[in-house]
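Q: For reference, the chains in residue letters:
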Amino acid sequence: MTGLALRSLRRRASAFTATFLAVFLGAALLMSFGAMLDVAGDATGTARNTLLTVGLVVGGWGLLLVAFAVTSTQSLAVRQRAEEIALLRSAGATPGQVARMIIAECLLVAVAGGVLAIVPGWALGHGVLALMHDGAMVPETVGYAFGPCALGVGLGVTFASALTGGVFAARRAVRGTTVASGDEAGGLGRGRIIAAAVLLAAASGEAVTTATVMRGKGLDAMATSGQADIVAALALALLAPALVGGAARALAGPLRALGAVGDLVLAGLARRSRRLAAVVLPIILFTGIGIGTLHLQATENAASAGRAASADDRSVEVLNLVVIGMIILFAAIMLVNTLVAAVADRRREFGQQRLAGAAPGQVLAAVAVESAVLAALGIAAGTVASAFTSVPFAVARTGSALPAGGPLIFVGVAALAVVLTGGTAWLAARRALRAPAVAAVA
Amino acid sequence: MSGREHTGRGEAPREALRLENVGKVHGTDGNRVRALAGVSLRLAAGTFTAVMGPSGSGKSTLLQCAAGLDRPTEGRVFLAGAELAGRSEAALTRFRRERVGFVFQRFNLLPTLTVLQNVLLPAKLAGRRANRAAAADILARVGLGDRLHHLPAELSGGQQQRVAIARALVTAPDVVFADEPTGALDLRSARDVLALLSEAVRVHGRTVVMVTHDPVAASYADRVVFLADGALAGSLDAPTAEAVAERMTRLAAAVERGAAA
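Those sequence lines, one after another, are chains G and B.
Residues 1 to 442 in the UniProt record's numbering are what the first sequence lists, from first letter to last.
Residues 1 to 261 in the UniProt record's numbering are what the second sequence lists, from first letter to last.
Don't take every hint at face value.
[As the list claims (entries may be wrong)] Just a sample of chain B residues kept apart from chain G, beta carbon distances all over 10 Å, derived:
id, residue
1, ASP70
2, GLY75
3, PHE78
[To be verified] Per the computed footprint, the stretches of chain B lying under chain G, defined by three or more beta-carbons under 8 Å from a beta-carbon of chain G, are:
id, stretch
4, 108 to 117
5, 133 to 144
6, 250 to 258
[To be verified] Covered by chain B, per the in silico footprint, the following chain G stretches (three or more residues, Cβ under 8 Å):
id, stretch
7, 267 to 277
8, 352 to 363
Hints were generated in silico from the structure; no laboratory data involved.
The structure displayed is predicted, hence computed values, not measured ones.
Just so it is clear, CB atoms sit at the ideal spot from N, CA and C, and this is done for glycine as well.
Based on the sequences and whatever the hints tell you, model everything.
A: If you want it as structure tokens, here you go:
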């Protein structure tokens, strides 16, 4: 089946682009921070601690994010090929053979993306160290190193994520009958609910610790509150299929009032909730981490406004923003990536809508309404997740539950999420509509 | 069914479809393929016509050009008196959903919509109030009155095609185009589908144009039009399956001789 996997990869390169990008960018991100652990080998004292903290903490968040992104793009890719897989099954492939083919494909993509990420990861790590040199957090005498830790973390995590994603996707692909069904709503699996509950408990724990134990402890509160929004965002992302299903029920009335376009959106939300959840996931991560961290930094700035900012404060801020910038950039690319993959695959569906009498403008309108619903859902969940970081940190640093920074942070991040979601979906849908309707359903 | 019912008052039959010298060339300069050449055809309203020909004879291209799904590179197409040329894609879509119904080999029902929703969709897309009673009625007529809230994937192929026929007929179109409607069906389901199409013509006065390669399917039509190498190659009125099969054999042999020469 490995031969089949190779052939299938070569023929359908575009279908694997999303997974490849997730692996490639994720591995580069992880390697750059993993390299700080390599650098720490040469350093001593505070510099060593700082390097280890940056490497472990950021590497840890990144690890969760990357694992998530790789797994989700991969299951999307496999879900989109349900028909092809059903065909293989009916042609006599055993479930085991299909599973081996899917896992082999995932691993091949992971190896390609991981190996190609080594050079960019090396360069990115160089940049991170340069920032720490500039901020005098690490003395200039400590040189750059890119060794076993960078490669181990970068390649290890991406390969492990790809393998896990492949196993999950394969299990789902071979479960049940060989006939593709129109209804893929389905509830949440028990594993998913347990994982979400564990993550939510962890995020709540961090939030409570920040607001109580770390109260008045200054900058240290950042260490416990910084990742609470990421953990909460991941928990809500796991629940995304249920959120989409809930949105379908809540919005049934208003959507029906929109006529045929609303009907199409509603049917998609209700019966394709799992597939659409893959789009909501990066929106939750993007807005949750973005809003949470920006509020955290704004609160920190406000709390230390009374005194002159030390070099330490400045460098922490710069590093904070760089790290967050990279993670947000990763989430933004994942958002675009997932949307392009999700929309491009709907060529046939769009063709069917047009043959049933939908004008191209109506198909685009349905995509726009659907994107608006998904963006609103992702932003709402992301905002809840961000509160796990921003509120406890504000309590710890200023005694008030209201984080500094005002509504502008929320508005800015939310607007960016809407533009990214809507813009990408719009462009991808227009491209998918370019083919004649009859050709699109062939 | 309302509005444009077939009047049948003895006057000259209304024209449903007219093709004037229609040609279609696929591809660009370097690699041109002529799919249709100088096809002229006139179909009266209330008739059932089958289009037949060997593979690659241009049957599907003819159907798509006639239905406004594809644009001919030469010639003119008139549907119920209105010319198709010079319309934007959006205008063509509006025209199609008012005047034309489609039945495809692969059904092309929307997988996320129920049977009833699929049948209501064309009217809703046209911005009209959806007439649920009429949709339910026509679904009952095709034998699916008890399947209104099922999804297409929960139905057999024959049942899905019957939903597609209900969807094509519910807007009372001038012409129903069917592209190999029985191609994916077993014999019994194919017979049901053909009976429904011919009932739409005989009882409800619709006009049906069907592309097929099956002589038995063609025998349900009033007239068979043959196509070879993108051009008309005769026709047969009141066809029997045997006569159609015999003509197809001769046509295929002639095409082969032409290719060999």
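Q: All hints, please: hold or fail.
A: Against the structure, the hints:
With a least beta-carbon separation of about 7 Å from chain G, B/ASP70 fails to lie farther than 10 Å from that chain, contradicting its non-interface assignment. The claim that B/GLY75 is not at the interface with chain G holds, since no C-beta of that chain comes within 10 Å of its own (minimum 19 Å). Distance to chain G confirms B/PHE78 as a non-interface residue, since its nearest Cβ pair spans about 21 Å, more than 10 Å. Coverage of the stretch 108 to 117 of chain B by chain G holds. Counting CB-CB distances below 8 Å, 7 residues qualify, and the rule asks for three or more.
With 0 residues bearing a CB less than 8 Å from a CB of chain G, the stretch 133 to 144 of chain B misses the requirement of three and the coverage assertion fails. Using a Cβ-Cβ cut-off of 8 Å, 0 residues of the stretch 250 to 258 of chain B lie near chain G, which falls short of the minimum of three, so the contact claim is violated. Check on the stretch 267 to 277 of chain G: 5 of its residues sit with their Cβ under 8 Å from a Cβ of chain B, so the three-residue criterion for coverage holds. Counting residues of the stretch 352 to 363 of chain G whose beta-carbon sits less than 8 Å from any beta-carbon of chain B gives 11, enough to reach three: the coverage restraint holds.
Of the numbered hints listed earlier, those contradicted by the structure are 1, 5, 6.
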